[in-house]
Amino acid sequence: MYTLLYTWNPTPVICIKYRNKNWSDVKREFLDKVLVEGLSFNEYFNRAESKLKNLEENGVVATEENKYIYLKINNQRMSNRLKSFSPEPETIDIFRSLDNDMIWMVLVEDWCGDCAQILPVLSKLAELNPRIKLKFMPRDFYPEIMDLYLTNGARSIPKLVVMDGEGKELFQWGARPAEAQKVVDSAKAEGAGKEALKERLHLWYGRDRGKSVETEIVQLLKTL
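Numbered according to the working numbering, the sequence shown spans residues 102 to 325.
Treat the hints as calculated values from the structure; they're not laboratory data.
Because the structure is a prediction, the values reported are computed rather than measured.
Note that CB positions come from ideal geometry on N, CA and C, so glycine has one too.
Warning: the hint list may mix true and false statements.
DMTMM-like cross-link-like pairs, simulated, lysine to aspartate or glutamate; straight-line CA separation at most 25 Å [stated by the list, open to error]: (1) 323 / 189; (2) 295 / 241; (3) 295 / 280; (4) 323 / 202; (5) 323 / 245; (6) 299 / 309; (7) 312 / 158; (8) 234 / 245; (9) 173 / 194; (10) 323 / 228; (11) 289 / 317; (12) 295 / 165.
Okay, the calculated beta carbon distance ranges per label pair [as the list claims (entries may be wrong)]: (13) 143 / 255: 27 to 33 Å; (14) 244 / 214: 28 to 34 Å; (15) 202 / 241: 25 to 31 Å; (16) 324 / 294: 24 to 30 Å; (17) 325 / 256: 24 to 30 Å; (18) 290 / 154: 37 to 43 Å; (19) 308 / 267: 24 to 30 Å; (20) 280 / 184: 17 to 23 Å; (21) 310 / 155: 29 to 35 Å; (22) 138 / 290: 37 to 43 Å; (23) 299 / 155: 22 to 28 Å; (24) 310 / 130: 26 to 32 Å; (25) 184 / 295: 27 to 33 Å; (26) 200 / 287: 38 to 44 Å.
Turn these sequences into a full structure, and let the hints guide you.
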């Protein structure tokens with residue numbers, strides 16, 4: 102085994118993939134992939150809009166109906182959150198006081214409702230300091246990266262991994278705010294169906310307006 106440079110928990114598949122490599126080379130390969138192939142928020146948002154437009158122009162076949170519905174709803178959610186979220190003055194001060202380079206890697210998918218509610222908030226926070234490089238990595242295109250950052254053994258998204266400029270992991274966050282998770286847990290305990298659970302969750306997101314994400318990220322930054 103290798104001495105891990107991050108708080109990673111590689112799966113057996115990951116360990117086999119990198120078995121014959123020096124871990125410092127693996128780190129460099131990983132960082133290069135994130136920095137070169139990762140999407141900016143605008144690239145991510147525009148790609149989702151292009152996919153939606155393609156489906157509308159070419160006709161939505163039955164097998165793609167759910168994809169179309171999720172994309173349309175999530176694009177609207179992202180647009181709404183961009184308009185409704187503004188960081189607190191204290192948050193602005195904290196972010197502007199950061200004096201080291203950071204890489205924010207976020208594992209995402211455009212069909213994910215949580216991503217649609219959270220990514221605009223992360224984008225607006227990252228914009229507060231030019232030393233933060235925000236990169237979105239589609240989960241299903243990068244399973245080897247996703248499997249380094251499982252949540253309770255699951256490929257839960259969005260998953261934020263914050264690193265310094267050299268790639269040393271500082272902290273992880275995700276896949277949703279603690280209060281949002283309580284809503285999900287409560288709905289499951291009551292035996293709520295999938296659609297009822299989603300409705301409760303997104304009502305909570307609508308009332309919260311990104312403030313819980315902001316608070317939790319600020320608290321993590323304060324520990325550095």
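Now the hints, each set against the structure:
1. 323 / 189: Distance of about 15 Å is within 25 Å: holds.
2. 295 / 241: holds (22 Å)
3. 295 / 280: holds (18 Å)
4. 323 / 202: holds (16 Å)
5. 323 / 245: Not satisfied, since the Cα-Cα distance of roughly 30 Å exceeds 25 Å.
6. 299 / 309: OK: residue 299 and residue 309 at ~15 Å, within 25 Å.
7. 312 / 158: violated (37 Å)
8. 234 / 245: Holds, because 21 Å separates the two Cα atoms, which is no more than 25 Å.
9. 173 / 194: violated (35 Å)
10. 323 / 228: holds (18 Å)
11. 289 / 317: holds (24 Å)
12. 295 / 165: holds (20 Å)
13. 143 / 255: 27 to 33 Å: holds (29 Å)
14. 244 / 214: 28 to 34 Å: Cβ of residue 244 to Cβ of residue 214: about 21 Å, so the range 28 to 34 Å is violated.
15. 202 / 241: 25 to 31 Å: holds (29 Å)
16. 324 / 294: 24 to 30 Å: With Cβ atoms ~38 Å apart, the hint is violated.
17. 325 / 256: 24 to 30 Å: Holds, since residue 325 and residue 256 (Cβ atoms, about 27 Å apart) stay within the stated range.
18. 290 / 154: 37 to 43 Å: holds (40 Å)
19. 308 / 267: 24 to 30 Å: Violated - the Cβ-Cβ distance for residue 308 and residue 267, about 39 Å, lies outside 24 to 30 Å.
20. 280 / 184: 17 to 23 Å: holds (22 Å)
21. 310 / 155: 29 to 35 Å: Holds, at about 31 Å.
22. 138 / 290: 37 to 43 Å: holds (40 Å)
23. 299 / 155: 22 to 28 Å: With a Cβ separation near 25 Å, residue 299 and residue 155 satisfy 22 to 28 Å, so the hint holds.
24. 310 / 130: 26 to 32 Å: With Cβ atoms ~39 Å apart, the hint is violated.
25. 184 / 295: 27 to 33 Å: Holds - the Cβ-Cβ distance for residue 184 and residue 295, about 28 Å, lies within 27 to 33 Å.
26. 200 / 287: 38 to 44 Å: holds (41 Å)
The structure shown violates the earlier hints numbered 5, 7, 9, 14, 16, 19, 24.
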